[in-house]
Amino acid sequence: MSEATKTGHGNRPQRQPKRPKLPRTAMPCQPAERRATNFEEVTTGYDDEMAVIEASRCLLCKKPKCVDGCPVGIDIPAFVRLIEVGDPAGAIVKLKETTSFPAVCGRVCPQEEQCEALCVLGNKQEPVAIGRLERYASDWETAHGASVRPRTAPKQGKSVGVVGSGPAGLTCAGELAKMGYDVTIYEALHKPGGVLVYGIPEFRLPQAIVARECEYVESLGVQIKTDYVIGRTLTVDQMLADCHDAIFLANGAGLPSFMDIPGENLNGVYSANEFLTRSNLMKAYRFPEYDTPIAVGRRVAVIGGGNVAMDSARTALRLGAEVHLIYRRTRDEMPARSEEIDHALEEGIVFDLLSNPTQIIGDADGWVNAIEVIDMELGEPDASGRRRPVPLEGSERRIPVDVVIVSVGTNANPLLTRNTTGLDLTNRGNIIADEHTLATSKEGVFAGGDIVTGAATVILAMGAGKTGARSIDRFLQGRPLLTDQEEEAIAAAP
Amino acid sequence: MYKILGRVDYSADVFMQVIEAPAVAAACQPGQFIILMIHQEGERIPLTIADYDRESGTITIVVQAVGTSTRHLQTLGKGDSISNFIGPLGMPSEIENVGTVVCAGGGVGMAPIYPIARALKEAGNKVIAIMAARNESLLFWEDKMREVSDELIVTTDNGSRGRKSLVTEPLKELCETGDVNLVYAIGPGVMMKFCARTTEPYGIKTFVSLNSIMVDGTGMCGGCRVSVGGETRFVCVDGPEFDGHQVDFDLLMSRQRQYRSQEKESLDTYLSKAAVTKVALANSAASNAAACSAAAVAAHV
Ligand SMILES: Cc1cc2nc3c(=O)[nH]c(=O)nc-3n(C[C@H](O)[C@H](O)[C@H](O)COP(=O)(O)OP(=O)(O)OC[C@H]3O[C@@H](n4cnc5c(N)ncnc54)[C@H](O)[C@@H]3O)c2cc1C
Ligand SMILES: Cc1cc2nc3c(=O)[nH]c(=O)nc-3n(C[C@H](O)[C@H](O)[C@H](O)COP(=O)(O)OP(=O)(O)OC[C@H]3O[C@@H](n4cnc5c(N)ncnc54)[C@H](O)[C@@H]3O)c2cc1C
Ligand code: SF4
Ligand code: SF4
Ligand code: FES
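Protein chains in written order, with the numbering used here: chain P, 1 to 494; chain E, 495 to 795.
Take these hints with a grain of salt, some might be off.
Stated by the list, open to error - Listed below are the simulated DSS-like cross-link pairs for lysine-lysine, each with C-alpha atoms no more than 30 Å apart in a straight line:
| hint | chain 1 | residue 1 | chain 2 | residue 2 |
| --- | --- | --- | --- | --- |
| 1 | P | Lys158 | P | Lys65 |
| 2 | P | Lys466 | P | Lys65 |
| 3 | E | Lys615 | E | Lys699 |
| 4 | E | Lys758 | E | Lys572 |
| 5 | P | Lys225 | E | Lys572 |
| 6 | E | Lys620 | E | Lys687 |
| 7 | P | Lys155 | P | Lys442 |
| 8 | E | Lys758 | P | Lys283 |
| 9 | P | Lys283 | E | Lys767 |
| 10 | P | Lys65 | P | Lys155 |
| 11 | P | Lys225 | E | Lys497 |
| 12 | P | Lys283 | E | Lys699 |
| 13 | E | Lys497 | E | Lys758 |
| 14 | P | Lys178 | P | Lys96 |
Claimed, not checked - One side of the interface only, derived from the structure: several residues of chain E facing chain P at Cβ under 7 Å:
| hint | residue |
| --- | --- |
| 15 | Ala517 |
| 16 | Glu537 |
| 17 | Ile580 |
| 18 | Met714 |
| 19 | Cys715 |
| 20 | Gly716 |
| 21 | Leu745 |
| 22 | Tyr753 |
Don't read these hints as lab results, they were simulated from the structure.
From the three backbone atoms N, C-alpha and C, an ideal C-beta is built for every residue, glycine too.
The task is simple: from the sequences and hints, build the whole structure.
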């Protein structure tokens, strides 16, 4: 370790240094015209110099607001300071105290709503680019070889089964393995990673990064069994009876919603899940080298305004289509990361805002040839605080398209829960788990990630993985799931 | 990797394989299917579990070679392995004692109907099996079916074996008798459509097993959706068996044609690659031979 790590490790400087006012360091990107035709990563990452400059913008606040914005409470000023002093190895150690997969979070967290939203610099100028710095540190680690091997505790002689290999499952498994438990992950698909491999495209999160995170978890002693559909190949009850002392359910929110409008079963209408799975997981974008086909279309309509819609639109664009993104509110209400929206616009996606589909129209062969939309205007705010879109009668118009990608959300997949006894569910089919311990109604079974919260974020899923691991450890040690202090803190919270 | 323990060819296009997959064999029930991938660049294709042996941990599939994946699978046999084998998927058949059941299998559908017929028989039903094929060479498992049925009717389109008729003719006659309580019909889309039409006027409950295009097989993609009784259902998790009188078969068949041009492109690519390999093999064999008998060759030129 460098000198800087020894002195700077974990300790923030006592006094806030005086800072020159620098603009936020721009992220280097592939030019829009070029990246619109390839699947390589859009942003190329800070180099050492950029990282040091950007890190030097941080005021190293004593009471850092940014940390409150991070769902897992990363010690942001500490890791940023280590980058500033030229110690990325120290920074990665610091990051890994809290997050297992900084290479992923740095790329896909909605920072503008989380850590960066609360950064004090944001009041007068632009916030510190925390996510980009996090990515820089982890990319540095990848390029230079792992800086730390985590210590693993002696074997406990107890076994835990984890269902699902998305961020929640991988994190939980990794944490438990470090505590000395024998852990097996069961994954329904043929490749581990969850949404990180089947959903989020390579141009935003290269699969090599996800593969490396999975290998890291395996290097801790976790066994990943792919091709195992829990609820079918094996049930949770069998897992508890035959092979595991506790179970963590992290099977995600993978059931696509449709809109229930005429024409949705026509050929050429995809759920975003199907379109992205074909392209990412099955590599249909390299058809016929890979065997899975995909209907590319000349003109594609994508319906929705979230990350999933943006990913679908940009994938269709890269496959050669002209893409219309149809969203019923305005850009301000779009739930996608703002960087992705900017990138999509730069790449030439046409945004049809304040428009809502009313029907999909097909030709004689059962193929889509147009989508009908109606104009909307924003009315009073609804329960979510966003202004409710109201249709303008008589404003229907048709957009000629040959592929439609429906990206209006997902629900809980009932396959596993339907085949498990004694598991309480919400009326929407999500598993009910205690907010603080993630314990379910079934003894020895814990649950976290999208299957509990509904579709959320990678970092929340990782946080749930950690909480789940802590609870499972306490459960297997026969200790209460919450300590007295934790009980008190919860009671005292507003 | 999953080992192929053996392959038996029933015709130029139809073959049977036994694959080692203990976890699947331990859990599967009649009516369920698997998804396999031959290699990492391959696609995920669904195939019905035609038979299983829990003790030896094996699954039997019967496949009709139609495109890239199934043609490729057809070249594999004992000693080869495939990269992924996932299952059992789908809901098991609801096996009850209802009285008399007609089990109609058309084409490669004769395989998936076998374990269902066997289970129905074991549950105490009278089982009448109809096996229907275009011609004699496409028939298989007649003896196996005979074992699990009380009555067996064989039909071929051209009369080369059994009765010269479509499957619907004997089915209609059986319906006429008035003692049929339940019908299972498994085969190509058209066959199931017309079986369901045949039984409908008699009000006999008819199960069909739908073969829509799939990707994951776990309810995640929605690609397998069909319309049943006016509602969208996912074949891989809600099915594959549905009430045949409620299914929109025309939509099913239209959706099955979705990738026709890509499937052709893919098959052409595969066959040309396979041909290249064959030619290369033949060439290397020829050049070996040539090296050995250079003198003989020289005599010819
Ligand atoms: C296209 C897309 C883009 C996104 N972009 C972002 C983003 O930019 N930033 C962000 O923070 N979040 C994003 N998200 C959301 C984020 O990916 C999810 O919130 C997160 O992955 C949830 O993690 P998880 O571990 O709970 O579940 P998942 O990642 O869904 O993993 C669940 C795993 O369980 C497996 N599984 C399911 N059922 C079974 C079963 N019965 N047996 C065995 N295995 C099973 C699944 O195959 C899957 O691998 C995006 C989501 C999508 C779909
Ligand atoms: C639940 C289920 C059970 C099945 N059981 C059997 C069986 O026991 N034996 C058998 O021979 N066939 C069965 N099939 C059909 C089999 O899956 C297809 O023939 C196979 O996928 C064709 O792949 P291919 O690459 O060889 O041909 P392709 O050239 O890709 O396609 C040829 C035909 O197969 C259909 N098809 C293509 N891809 C898929 C896919 N991913 N899923 C489903 N259909 C597809 C297409 O509609 C097309 O008509 C079943 C299908 C389903 C859904
Ligand atoms: S994990 Fe996400 S929210 Fe937390 S600091 Fe990193 S980028 Fe920000
Ligand atoms: S709030 Fe902003 S300036 Fe303050 S420590 Fe956090 S990142 Fe640095
Ligand atoms: S195959 Fe994907 S949902 Fe059925």
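Hint check, failures only:
Going through the list in order, the structure violates hints 1, 10 and 12 and respects the others.
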